[in-house]
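Q: Each chain is listed here by its residues.
There are 2 protein chains.
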Amino acid sequence: MTKPLEGLKVIDLTSALSGPFCTMMLADYGAEVIKIEPLAGDQTRDWGPMEEKSGDSAYFAAFNRDKKGVTLNLKSDKGRELFYQIVKDADILVENYKVGVTKKLKIDYDTVKEINPEIIYASGTGFGQYGPIAHRPCYDVVAQAMGGIMNLTGYPDQPPVKVGPSIVDHVMGIYLTVGVLIALHHKDVTGQGQFVDVAMLDSIFSVLENATINYTVGHTIPQRQGNIDPSITPFDAYECKDGMVALGVGNNRLFEKFCNKTGLTHLLDDPRYSDNWQRTLHYIPELRDTIRDWCKQYTKKEIEDMMDDAGVPCGPVLNIKEAIEHPQIKAREMMVHCQHPTMGDIEIQGCVMKLSETPGSVDQPAPLLGQHNQEVFGISEAEEDELIKEGVLSSYRTED
Amino acid sequence: MTKPLEGLKVIDLTSALSGPFCTMMLADYGAEVIKIEPLAGDQTRDWGPMEEKSGDSAYFAAFNRDKKGVTLNLKSDKGRELFYQIVKDADILVENYKVGVTKKLKIDYDTVKEINPEIIYASGTGFGQYGPIAHRPCYDVVAQAMGGIMNLTGYPDQPPVKVGPSIVDHVMGIYLTVGVLIALHHKDVTGQGQFVDVAMLDSIFSVLENATINYTVGHTIPQRQGNIDPSITPFDAYECKDGMVALGVGNNRLFEKFCNKTGLTHLLDDPRYSDNWQRTLHYIPELRDTIRDWCKQYTKKEIEDMMDDAGVPCGPVLNIKEAIEHPQIKAREMMVHCQHPTMGDIEIQGCVMKLSETPGSVDQPAPLLGQHNQEVFGISEAEEDELIKEGVLSSYRTED
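In the order they appear, the protein sequences are chains A and B. If you want this note's numbering, it's the 1-based position in the first sequence plus 400. If you want this note's numbering, it's the 1-based position in the second sequence plus 400.
Worth double-checking, as some hints may not be accurate.
[To be verified] Covered stretches of chain A (in silico footprint by chain B; criterion: 3 or more residues with CB under 8 Å from a CB of chain B, positions within the stretch not fixed): (1) 540-553; (2) 573-586; (3) 627-639; (4) 643-650; (5) 719-728; (6) 732-745; (7) 761-770.
[As the list claims (entries may be wrong)] Calculated lysine-lysine pairs in the DSS-like style (CA-CA distance at most 30 Å, straight line): (8) B:K503 x A:K661; (9) A:K661 x B:K789; (10) A:K498 x B:K730; (11) B:K730 x A:K504; (12) B:K696 x A:K657; (13) B:K789 x B:K721; (14) B:K730 x A:K503; (15) B:K789 x B:K506; (16) B:K503 x A:K730.
Keep in mind that the hints were calculated from the coordinates and are not lab data. If you're wondering where the values come from, they're calculated on a predicted model, not measured in any experiment. Don't be surprised by glycine CBs; every beta carbon is placed ideally from N, CA and C.
Next up, chain A with everything else stripped away, as it sits in the complex:
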């Protein structure tokens, strides 16, 4: 079956998570992604978890599948020449260097545009290409702190807490993909390429739901509220016999179903709970405690089944093992097997967007260091060895 991005050539200068997450999607859906690593390899080749027997990084393997891998010393003239050679007929380039580095390396948009005027050149950075702190380095936790999401996450009587996984890297990577694809449509229609600039800070700032307008229009500074929602009630997580369940009872119809199913029908006659807004105003402590007491009598599974039967949105708080093993996650193939040359069979995440005619899929393992040097640069093994000696390339073949 054809993949939808087949025929597109992507030069991938990204490392760590955010950039590679973008080019991973492009690769899963069919683009030829050529990942260029420095001679020592992408830093994530040292990031855990490591597969036991090989000692190789599953982190690198997870986010670089379906890509080709080459190495290049971009500080050497020969390395730069090889880069110019392969970028000539590329459709897209993605990079996530700190602002200014590509210019120093002479691989910035202005330089590349001279060689390939129609290219889409996409940059993902901490703070974007301009603005007073554009020069600063950034990590996920810093963007979470400055973007406002950290202050909104956690319990009201506890300090702010970051979203566990590196959410900013992921969200930025997905936005970067959107930016590339919007530019691609424009290129498909007009032939014109352009520069795409996406920032970690902007990305996380844009997913705060109504927190921003609560300030600019509502004139309040929203605070973290644990698991409850500022405008929907009941909407919370509750302790039960063997863990926690989340409940979202978003309107009167659902509240009626909920009360009937739980037997808490007296709540339906209480004027304090007559509609969603009244319930929101009067949630704490009495309504909350009533639901808390009810939940404590049952297991997660019992509550989930009852709510499923009643048609009320509900789900258990799952740990990673439970989430991975959930039949819905399995049915959606959100974890897939991948045969890796050194690690063997590993299970990594699947493709999110299910396209009926041209689906994405995980077909190839992540490349070994410099695995596709000969193919991509059109050189023989002897020529590759020579360039390795000269410090222009590196390869897994000569590493051990």
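With chain A's structure known, arrange chain B on it following the hints.
A: Structure of chain B alone, referenced to chain A:
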């Protein structure tokens, strides 16, 4: 200036947040998005914050700018006919009904495909179109619970906590956009349309960084760790004189800069902190406490300035007001002014992806109820009034 998605017609059957967030991006970047609301309007027209004088919803206004608005009673034959009429020449349709509803309404992909074989029909749902719990309703908190992110967020000695804002709705909305745009490239090249299926559960499950492979390859079940990172140290948030700062000291070079700037140079000679992995193993309690004590002596601003000077990733934990007013957020135009017919000047979020040649922008306010009925359906005011009487349309004109 041309917008990149100009010329594309999008039928928008979405409500609440996730779907509208997707079509908002399509609209900001130039697509003609026709939002179809039920006669009573999108539920978010009742969601806060409400603008004081008009009493109208800033929530609706924020996520539906740049769209045209029509109303339709899709349960009536005439309403369905009008829908078939405008979907005929659409490029894209986006909907986020519960699974099965579009079929009941006879506006599902199979039906629409008969009228418009080349359409891209994109569905965003809680659990996707298939699988054992595909039928269930879902809210953000339920997907956060089941997707594993909630269990990974929070302090180790506290219960799991959800990400404050509705992150699943946002992430799913962005993925839905990626799905639409990948399908659009395929359509641009081949003319073929297709069905795009994206789920809230899949979306949030896919942004857990290495948590999933820590289980499948690393054979551990990762647990929440507050603000620290499982593989980078120091990487944490610290109390200072007037709040908290986040620090990301990701490698030896940065650790040296950090120690030199803070004067904690004795840490550099300590074998327990000789490299990132050693620091990660020996972070708690001594290294953590040393940095905690150092931070307590300074203000957020003082620490941020010192780290900026040293080139160490650092940023203060900002509340919403502070984030909105940050000069970087301002420079990036992440909040923009919008003139709304009933609310006046309101400040809502801007566009994330900065495209050099065909940028997106916020140009038009969100529509009033049924504002574009006449234009979109090609009917006169008298005809509109007649259809309103028949219960096929509704309009702000006849609401007060």
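Q: Evaluate each hint against the coordinates.
A: Structure-based check of each hint:
{"no.": "1", "hint": "540-553", "verdict": "holds (count 14)"}
{"no.": "2", "hint": "573-586", "verdict": "holds (count 12)"}
{"no.": "3", "hint": "627-639", "verdict": "holds (count 9)"}
{"no.": "4", "hint": "643-650", "verdict": "holds (count 6)"}
{"no.": "5", "hint": "719-728", "verdict": "holds (count 9)"}
{"no.": "6", "hint": "732-745", "verdict": "holds (count 4)"}
{"no.": "7", "hint": "761-770", "verdict": "violated (count 0)"}
{"no.": "8", "hint": "B:K503 x A:K661", "verdict": "28 Å, holds"}
{"no.": "9", "hint": "A:K661 x B:K789", "verdict": "39 Å, violated"}
{"no.": "10", "hint": "A:K498 x B:K730", "verdict": "20 Å, holds"}
{"no.": "11", "hint": "B:K730 x A:K504", "verdict": "28 Å, holds"}
{"no.": "12", "hint": "B:K696 x A:K657", "verdict": "51 Å, violated"}
{"no.": "13", "hint": "B:K789 x B:K721", "verdict": "46 Å, violated"}
{"no.": "14", "hint": "B:K730 x A:K503", "verdict": "25 Å, holds"}
{"no.": "15", "hint": "B:K789 x B:K506", "verdict": "23 Å, holds"}
{"no.": "16", "hint": "B:K503 x A:K730", "verdict": "25 Å, holds"}
Going through the hint list in order, the structure does not satisfy hints 7, 9, 12 and 13.
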